[in-house]
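Q: For the sequence shown, this note's numbering gives the first residue as 1, with consecutive numbering after it.
Hints are not guaranteed to be accurate.
[Said to hold, decoys possible] Each pair of labels, with its calculated beta carbon distance range:
hint, residue 1, residue 2, range
1, S134, E663, 52 to 62 Å
2, D381, V288, 24 to 34 Å
3, V288, S257, 16 to 26 Å
4, R634, C52, 12 to 22 Å
5, A631, R322, 40 to 50 Å
6, V288, N659, 28 to 38 Å
7, S214, D381, 49 to 59 Å
Read the hints as simulated data drawn from the structure, not as lab findings.
Note that the Cβ used here is the ideal one computed from N, Cα and C, for glycine as well.
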Amino acid sequence: MDIGNDSSLSPHRARKHTTLLVDCIKRNPKLATYVKDLDLTLSSNVITEDPCLPELLDQLSCISVFRFSSTTDDYSLSTSWESLSPELRAATAKICALSTIRMLYLASFTEIPLCLIENPYLSNLSVGNIRAFSDLDRLRLPATLPVQDTSNPSEHASSAPSERRFPSLRTLVCGYIGGMPTDWIPAMVENPTLSTSLRSLNLMFLFEKEAAKSSADILAQFNSSFNLSGLRESAELTVIKSLFKYTNNLISTVSTSAPLEELYITIGDLTHQPLTTQLLSDEWKQLVTTITSRRPTLKTVKVKFRFGPCDKKLELEPFVFRTMDIGNDSSLPPHRARKYTTAFVDCIKRNPKLATYVKDLELNVSSNVTAEDPCLPELLDQLSCISVFRFSSTTDDYSLSTSWESLSPELRAATAKICALSTIRMLHIASFTELPLCLLENPYLSNLSIGHVRAFSDLDRLRLPATLPVQDTSNPSKYSFSAPSERRFTSLNTLVCLYIGSMPTDWIRAMMETPALSTSLRNFSLLFLFDETAANSSADILAQFNPSFNLSDLRVLRYLKIYCLVDLLLPQSAAQTVIKSLFKYANNLISTVNTSAPLEELYITIGDLMHQPLTTQLLSDEWKQLVTTIASRRPTIKTIKVKLRFGPCDKKLELEVFNTIQEIVSNDMSGILLVLKSADRSKVERIT
1 MDIGNDSSLS PHRARKHTTL LVDCIKRNPK LATYVKDLDL TLSSNVITED
51 PCLPELLDQL SCISVFRFSS TTDDYSLSTS WESLSPELRA ATAKICALST
101 IRMLYLASFT EIPLCLIENP YLSNLSVGNI RAFSDLDRLR LPATLPVQDT
151 SNPSEHASSA PSERRFPSLR TLVCGYIGGM PTDWIPAMVE NPTLSTSLRS
201 LNLMFLFEKE AAKSSADILA QFNSSFNLSG LRESAELTVI KSLFKYTNNL
251 ISTVSTSAPL EELYITIGDL THQPLTTQLL SDEWKQLVTT ITSRRPTLKT
301 VKVKFRFGPC DKKLELEPFV FRTMDIGNDS SLPPHRARKY TTAFVDCIKR
351 NPKLATYVKD LELNVSSNVT AEDPCLPELL DQLSCISVFR FSSTTDDYSL
401 STSWESLSPE LRAATAKICA LSTIRMLHIA SFTELPLCLL ENPYLSNLSI
451 GHVRAFSDLD RLRLPATLPV QDTSNPSKYS FSAPSERRFT SLNTLVCLYI
501 GSMPTDWIRA MMETPALSTS LRNFSLLFLF DETAANSSAD ILAQFNPSFN
551 LSDLRVLRYL KIYCLVDLLL PQSAAQTVIK SLFKYANNLI STVNTSAPLE
601 ELYITIGDLM HQPLTTQLLS DEWKQLVTTI ASRRPTIKTI KVKLRFGPCD
651 KKLELEVFNT IQEIVSNDMS GILLVLKSAD RSKVERIT
């Protein structure tokens, strides 16, 4: 329900809108329970003085998300809480105190009562440009049991702070303008309850350029974040340097025992010259040093600079070269494709700095035009700052693969060199045979995706004792470590494995048993493609699902995704066997997850299915065992989603099947979200 955001409505139309809603709810009170998300903007007197609005709000008893603001877009404006009518204040406070509330957003008020944000069930709180709380000292009072004062509707609040204040608050977002009072932010952050409940803190600051008359004025704002458009260049220099120092101080105050895993810093809107100058300053170096000191716990660190208007050539140069895609355009004739790499090599020779702009490299060697390009190894050798590398030998058909040894020695050496870069964080390799395992052993790698690698040439390396790496560069075709690194996989927190059912999978099992992954891997996705060409009998079908994988060694696993794709053209009997086997396969896999692992998210996707075999198998013991296994992990798993994707069929039949499935599983799916999806994605049924 959205109230107050449509400024095009005339006053009588706006009030008629709330009157109609009140009348509808009076006739059918159940309608009020359907409203879960409420957006209330008091941007005009038409809304604030609407006599029906408090009555409407009083009827809404099941709100889970409440956004309450006094302006639509200008955060420099704010409204006094006391200027609202007593009835509207009481109705608003009543919504804020609902036991169903999970997310609350308040923006652009002054003298607002702190009790509005003290709901003990609140998990996500966003506060934007609240210039002052009327009772900030409540945060410093000893917590007591709440005593509600309802004698005055304008003071619908607890007379003392709740002893349960903020116990469920996981995410806090604070936005404010530089130069405005910010004592409420440190008062909240220092609240004892938040020390054990808060997981995510976002500080968003808007720099007040009207107050930027001198360096002293600018420095005084650093409690703030920034909108730097229109500032003088000299002022911007001070602003950027101050920001680096402010951010450094903020990160330095984070407790070293806090499990900080993600850090994001965003600055905009900047001009290029001041930023370039300040990236050489001591303030920037100190900020980088502080971030680096937290590297052992941090999994994701992102610093984003957003630029203001400037010369497009200057602005776009780093971004034009940021992503390089080689070999995916099959429409290019051979001479054009090779001219492409030759031109890149020439550009980089004239301006070597261009090579440092390339961060994301996609290399597809599915055609001889690319694989035999004499300039390609020379180009790859120049790229020393790659962070994302996607390397494959096919564009879409995972049943095809290329032998690593069929590539030229120079291309193998250049590729291995990129895989070993200290800047690499994400690596995707697909559709090769006899691949050397050393390509995956970069100790800086945090995200690894392996798609249909039929065999590794040196899989036994995983079973060797880890030693210090010794590079062998005497032969470019063997550019690799002669022994596995003792730091192998130590930073790897995300692993995606895709395989075809009829192909060897010993490499997946060997990786699951690698000691380093037991303490580093947090996210694991297993993608299984059923091979219909090998489904000649029930025995052939069952062979594709056996044996299952053992995940018991992954002691810090938080996210598990199981994705299975089945061919639609299977006979009915074969489809029955496949679906039953898939349920059993998923059940066995989940059963092996270590009971002490902090598993929080579980996703199972199966497609593309025929309706009749699925409906039959949802009555089978295999389905019931899968649901039972999932339910047994319910105390730790916060999100469980099972998605069944159907193949094309008659729409009328599809609707009937959806209804049938709802009846079958409605009693089994407690706490599990079941998603039924049409082949064309036009219809999605969710069953909880």
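Q: Looking at the structure, which of the earlier hints fail to hold?
A: 4, 6
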